[in-house]
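J.: Please build the complete structure, drawing on both the sequences and the hints.
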Amino acid sequence: MSDRAVEIAKSIKLLLLDVDGVLTDGGLYYDDNGLAMKRFNVQDGLGIKLAQSAGLEIGVITGLNQKPVETRVRELGIQHYHPGHHRKAPIVESICDEIGISPSEVAFMGDDWIDLGAMSLVGLAMSVPNGQPEVRAAADWISSRKGGDGAVREAISFLLEAQGLLEEAKKQWVD
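Numbered by full-length UniProt numbering, the letters in the sequence shown go through residues 1 to 175 in order.
Calculated directly from the structure, the hints in this document are not laboratory data.
Treat the hints with care, as some may be off.
[Unchecked claim] When the alpha-carbon atoms are kept at most 27 Å apart in a straight line, the in silico DSSO-like pairs for lysine-lysine are as follows: (1) K170 / K146; (2) K146 / K10; (3) K13 / K49; (4) K13 / K146; (5) K170 / K13; (6) K49 / K170; (7) K171 / K10; (8) K171 / K49; (9) K38 / K49; (10) K10 / K67; (11) K10 / K38; (12) K13 / K171; (13) K171 / K38; (14) K38 / K67; (15) K49 / K146; (16) K10 / K170; (17) K67 / K49.
[Said to hold, decoys possible] Pairwise CB distance ranges (calculated): (18) S53 / H86: 28 to 34 Å; (19) K170 / G84: 31 to 37 Å; (20) Y81 / S144: 38 to 44 Å; (21) K10 / S120: 16 to 22 Å; (22) A137 / H86: 16 to 22 Å; (23) S144 / K67: 18 to 24 Å; (24) S104 / S144: 24 to 30 Å; (25) R4 / L166: 15 to 21 Å; (26) E168 / P68: 28 to 34 Å; (27) K171 / R136: 17 to 23 Å; (28) E75 / Y29: 16 to 22 Å; (29) D32 / S104: 29 to 35 Å; (30) Y30 / S53: 17 to 23 Å; (31) Q79 / V174: 20 to 26 Å.
Just so you know, even glycine gets a beta-carbon here, dropped at the ideal spot from N, CA and C.
T.: Here it is as structure tokens:
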């Protein structure tokens with residue numbers, strides 16, 4: 001990871017996430033009734049809880065509008081949920097206006113072309129190793145773990161470590 005990414009990470013107040021390919025493995029699963037199912041990583045979920053307890057806000061901006069995602073977002077108490085948006089940069093701007101921060105204080109983690117607009121707007125662009133080549137090239141930081149396999153947890157640990165908050169956040173989960 002670059003020194004630049006660590007320096008930027010110190011000022012991040014909001015982490016925005018794509019869903020398919022970042023919070024999930026990007027696969028499309030359907031039950032016998034044609035209802036969508038998603039596989040989420042539990043470690044990512046605990047990472048989100050760690051971030052929230054440390055004061056880092058979390059949001060989700062996704063191109064699809066699916067019930068399993070809404071359920072997971074609700075379970076985790078994610079503050080900002082914006083489904084059904086293919087143009088994500090305007091949503092980033094709207095959230096920043098709503099909570100009174102600059103896009104430079106935002107990290108966005110994406111994996112596909114639909115995420116490039118948001119990634120170019122924020123202070124810290126993040127991706128996954130299974131992201132599209134153009135997305136990885138635009139990223140300031142790339143996780144070692146694939147989307148849906150702990151990539152979000154890794155990103156959160158990176159942000160909290162850069163901000164000197166990781167050890168304190170861990171204390172509530174470790175005996």
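J.: Could you tell me which of the numbered hints above are not met by this structure, giving the numbers in increasing order?
T.: The structure conflicts with hints 10, 11, 13, 20, 23, 27, 29 and 30, although it agrees with all the remaining ones.
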